[in-house]
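When you line the sequence shown up against my numbering, it's residues 1 to 251, in that order.
In short, the hints are calculated from the structure, not lab data.
What you are looking at is a predicted structure, and each value in this text was computed from that prediction instead of being measured.
Glycine included, C-beta positions come from ideal geometry on N, C-alpha and C.
Among the hints, erroneous ones may be present.
[Unchecked claim] FRET-style restraints, in silico, Cβ to Cβ:
1) 146 <-> 123: 30 to 38 Å
2) 151 <-> 67: 44 to 52 Å
3) 88 <-> 192: 23 to 31 Å
4) 240 <-> 66: 36 to 44 Å
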Amino acid sequence: MVRQELVARQLDEQIVARFPVGRRLRVLDVGMGRGAQALRLARAGHQVTGLEKDAAMIAAAREALAGQPEGIRERMRIIEGDGRDTGVHFLPGSFDVVLCHGVLMYVEEPDPLVAGLARMLAHGGLLSLLVRNGDALAMRPGLRGDWAGALAAFDTTARLPHPRADLDAGTPVRLGPDVRADRLATLTATLAGIGAPLQSWYGVRVFTDTVADGTAPPDDVETLLAVEERAGRTDPYRGVAALLHLCGVRG
1 MVRQELVARQ LDEQIVARFP VGRRLRVLDV GMGRGAQALR LARAGHQVTG LEKDAAMIAA
61 AREALAGQPE GIRERMRIIE GDGRDTGVHF LPGSFDVVLC HGVLMYVEEP DPLVAGLARM
121 LAHGGLLSLL VRNGDALAMR PGLRGDWAGA LAAFDTTARL PHPRADLDAG TPVRLGPDVR
181 ADRLATLTAT LAGIGAPLQS WYGVRVFTDT VADGTAPPDD VETLLAVEER AGRTDPYRGV
241 AALLHLCGVR G
């Protein structure tokens, strides 16, 4: 819940800032998972396409979609496929917003994927990336007293163990035991090079990344979210968040 809610608020802020109020956007969610963000945007009136390769995730997303009113079901379609094959499924410039959340960490060479995503954007379109923060890998083991793990994390963004459960609808959702990370400076250069320069960025899970797996949300969850939201847009806190949310705009 924490991750999804923070990203939703940040994404809404970017959409409001860049598109006319009331405009129905064409949205592509690459690696949509269970479809939390895709469904939310469909409920808001946008035309949403979800792309996902994991059969279990697709089944969960379809089940969630089936429980929605007919108008929402008509605004959302789910396609089985890999994010690296967007050019097979769609024409360049087909979307106003492209989401790619929690996907790059599983891709050894992210640049071709990011470039392909940018090609899907119309002029002025918004690219939203959620990545593991390569500049903060030592934070979690360090705060837990794992000094060897913290020391090893300083000089790498490669695959390191990082088990993690999100507080999402009471069901643990792990980033995975073996994921890589991206540095802000590297992705900033990548986005500039593909014609979708970085416009805004946020930290996600500054204080809650060390919460034990399976912990129930606190009674004052709105206060928790307010703290995380403030930290996620404030230096120096956002720079040590577990995840980074980067927003580029197609020029």
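Each hint tested on the structure:
At roughly 47 Å, the beta carbons of residue 146 and residue 123 sit outside the given window of 30 to 38 Å. In this structure the supplied range 44 to 52 Å holds for residue 151 paired with residue 67, their Cβ-Cβ distance being about 48 Å. In this structure the hint that residue 88 and residue 192 lie 23 to 31 Å apart at CB holds, the actual value being about 26 Å. Distance hint check for residue 240 and residue 66: the Cβ-Cβ separation is about 40 Å, which falls inside the suggested range of 36 to 44 Å.
Checked against the numbered hints above, the structure breaks only hint 1 and satisfies the rest.
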